[in-house]
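Asker: Spelled out, the chains give:
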Amino acid sequence: AQSVTQLGSHVSVSEGALVLLRCNYSSSVPPYLFWYVQYPNQGLQLLLKYTTGATLVKGINGFEAEFKKSETSFHLTKPSAHMSDAAEYFCAVIRGGEKLTFGTGTRLTIIP
Amino acid sequence: DTGVSQDPRHKITKRGQNVTFRCDPISEHNRLYWYRQTLGQGPEFLTYFQNEAQLEKSRLLSDRFSAERPKGSFSTLEIQRTEQGDSAMYLCASSLPGLAGGETQYFGPGTRLLVL
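These protein sequence lines are chains H and W, in that order.
Heads up: the first sequence at position 46 corresponds to 46 in the working numbering, and the numbers run straight through without jumps.
Count along the second sequence from 1, then add 112; that gives the number in the working numbering.
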C-alpha cells in the first residue's frame with residue numbers, strides 16, 4: 001500500500017533559521033507528491049507538489065522540496081523561518097487512483 | 113473562484129443523534145472528496161465523487177455514513193446514530209482532473225464535530 005512517513009512529529013527552529021521537514025514515501029513507482037500546510041482550526045492549503053519534470057519544486061511562502069527517487073524522499077525546506085510559518089505540515093501522495101494518503105504531520109514551532 | 117465552503121463549521125451533538133454536513137466545491141470542479149481528521153493525525157480518505165457518481169468509498173465509511181452529490185454540485189455527508197468515536201474534523205476537497213493526473217485538491221475549512 002502507498003504510504004508516506006514524516007520523521008519528527010514536532011520540529012522547533014529559531015526565527016531566521018533553516019526549516020527542514022522530512023518526508024519519505026514507499027513506492028516502487030514514482031508517485032505524485034504534495035506538501036500541505038494547516039493552520040489551527042483551518043483546512044489544508046497546498047504549498048507545493050511534484051508530478052513530473054524538474055525534481056526541485058518551488059512553492060508558496062518561500063518553501064521548496066526536492067524529489068529524490070534514490071532516497072524515496074520529498075523533504076520540505078525553507079532557508080529562513082518566519083513566525084508566520086508556525087503550523088502543521090502534511091506530506092501526501094497519490095499513486096494511481098485519486099485519493100490523497102497523508103502522513104501523520106509535523107508541527108512546526110518557531111522560536112523568537 | 114470563491115473556494116470550497118463547508119457548513120456548519122462546528123457541530124456539537126449528543127450520541128445517537130443524526131448529523132448532516134454540506135460541502136460546496138469550487139464551481140467548475142467535477143471531483144469532490146471527503147476526508148476525516150482526528151486529533152494529531154493526518155486526514156484520512158472517506159469517499160469521492162466524480163460529478164454525481166460516488167466512485168470509491170473507504171472501509172472507514174461504515175453503514176452509518178452516507179454521502180450524496182445529487183446534481184454533481186454540492187455534497188452532503190450524513191452520519192446516523194452518532195458515536196463518540198465520530199468526533200473529528202470532516203474535510204471536503206474538490207479538484208478538476210487533467211490528463212496528466214496528480215491534480216491539486218483544494219480543501220475547505222472543515223466541519224468540526226463533537227459527539228457528547
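Some hints could be false.
To be verified - Computed list of chain W residues with no C-beta within reach of chain H, every gap over 10 Å: (1) 131; (2) 145; (3) 153; (4) 203; (5) 218.
As the list claims (entries may be wrong) - Here are some of the chain W residues that sit facing chain H, going by a computed Cβ distance under 8 Å: (6) 117; (7) 120; (8) 165; (9) 171; (10) 177; (11) 179; (12) 197; (13) 198; (14) 200; (15) 212; (16) 217; (17) 221.
As the list claims (entries may be wrong) - Okay, the calculated beta carbon distance ranges per label pair: (18) H:70 <-> W:126: 11 to 21 Å; (19) W:172 <-> H:5: 38 to 48 Å; (20) H:55 <-> W:193: 41 to 51 Å; (21) H:8 <-> W:184: 34 to 44 Å; (22) W:208 <-> H:62: 45 to 55 Å; (23) H:46 <-> W:170: 13 to 23 Å; (24) H:7 <-> W:126: 34 to 44 Å; (25) H:10 <-> W:184: 36 to 46 Å; (26) W:166 <-> H:10: 30 to 40 Å.
Source of the hints: derived by calculation from the structure; they are not laboratory data.
Since the model is a prediction, treat every value here as computed from it, not as a measurement.
Yeah, the Cβ is synthetic: ideal placement off N, Cα and C, and Gly gets one too.
Asker: Work down the list of hints and note, for each, if the structure agrees.
Answerer: A quick look at each hint next to the structure:
1. 131: Residue 131 of chain W is indeed farther than 10 Å from all Cβ atoms of chain H, at 19 Å.
2. 145: Non-interface label on residue 145 of chain W violated, nearest chain H Cβ at 7 Å vs cutoff 10 Å.
3. 153: Label violated. Min Cβ-Cβ 6 Å, cutoff 10 Å.
4. 203: Violated, since 6 Å does not exceed 10 Å.
5. 218: Violated, because the least Cβ-Cβ distance between residue 218 of chain W and chain H comes to about 7 Å, which does not exceed 10 Å.
6. 117: violated, 10 Å
7. 120: Violated: closest Cβ of chain H sits about 13 Å from residue 120 of chain W, beyond 8 Å.
8. 165: For residue 165 of chain W, the interface hint is violated, since the closest Cβ of chain H sits about 13 Å away, which is over 8 Å.
9. 171: violated, 12 Å
10. 177: violated, 16 Å
11. 179: violated, 14 Å
12. 197: violated, 19 Å
13. 198: It is violated, given that the least Cβ distance between residue 198 of chain W and chain H is near 19 Å, above 8 Å.
14. 200: This interface hint is violated because 13 Å lies over the 8 Å limit.
15. 212: With a minimum Cβ separation of about 6 Å from chain H (threshold 8 Å), the hint on residue 212 of chain W holds.
16. 217: At 6 Å from the nearest chain H Cβ, residue 217 of chain W passes the 8 Å test, so the hint holds.
17. 221: Since chain H brings a Cβ to about 5 Å from residue 221 of chain W, closer than 8 Å, the hint holds.
18. H:70 <-> W:126: 11 to 21 Å: violated, 53 Å
19. W:172 <-> H:5: 38 to 48 Å: violated, 20 Å
20. H:55 <-> W:193: 41 to 51 Å: Since residue 55 of chain H and residue 193 of chain W have Cβ atoms about 49 Å apart, the given range 41 to 51 Å holds.
21. H:8 <-> W:184: 34 to 44 Å: Since the Cβ atoms of residue 8 of chain H and residue 184 of chain W sit about 41 Å apart, the hinted range of 34 to 44 Å holds.
22. W:208 <-> H:62: 45 to 55 Å: Violated - the Cβ-Cβ distance for residue 208 of chain W and residue 62 of chain H, about 27 Å, lies outside 45 to 55 Å.
23. H:46 <-> W:170: 13 to 23 Å: Holds - the Cβ-Cβ distance for residue 46 of chain H and residue 170 of chain W, about 22 Å, lies within 13 to 23 Å.
24. H:7 <-> W:126: 34 to 44 Å: holds, 40 Å
25. H:10 <-> W:184: 36 to 46 Å: holds, 41 Å
26. W:166 <-> H:10: 30 to 40 Å: holds, 37 Å
Violated hints, in rising order: 2, 3, 4, 5, 6, 7, 8, 9, 10, 11, 12, 13, 14, 18, 19, 22; the structure is consistent with all others.
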